[in-house]
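Working from the sequences, and respecting the hints, build out all of it.
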Amino acid sequence: MDRSTYSPPSSPRLGTTTITSSGLIQGRQKVESKKKEVEAKARQAEERTEKLRRQKLEEYNRLHVDVQARKKRFEMGGAGQAGESGLHGAGISGRNIR
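Residue numbers for the sequence shown follow UniProt numbering, beginning at 1 and rising by one.
Treat the hints loosely; a few may be bogus.
With a Cα cut of at most 25 angstroms, we get these calculated PhoX-like pairs of lysine-lysine [as the list claims (entries may be wrong)]:
hint : residue 1 : residue 2
1    : Lys56     : Lys36
2    : Lys51     : Lys41
3    : Lys71     : Lys56
4    : Lys41     : Lys30
5    : Lys36     : Lys51
Don't read these hints as lab results, they were simulated from the structure.
In structure tokens:
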């Protein structure tokens, strides 16, 4: 092909981008909206984990209080069943203690 007769195509080829100010503005807006979307999702996830953490903590505290109450009852020697002495739970009868 003779170089003197060659002219580049008048329309831009596929794969090339022409940068216009409106294109830049649109791109920036797109980035901003995506950024806001991601931040919102992160905030929601944080709230969810915080809520779960609170639930777990409340559950733990509830169970812990229950365990503490049982422990206290045991230490006080409160018999769990009729006929047991304060030594119940360890499988010890009073006469075997030396």
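Hints that the structure is at odds with (numbers, increasing): The structure conflicts with hint 1 only, although it agrees with all the remaining ones.
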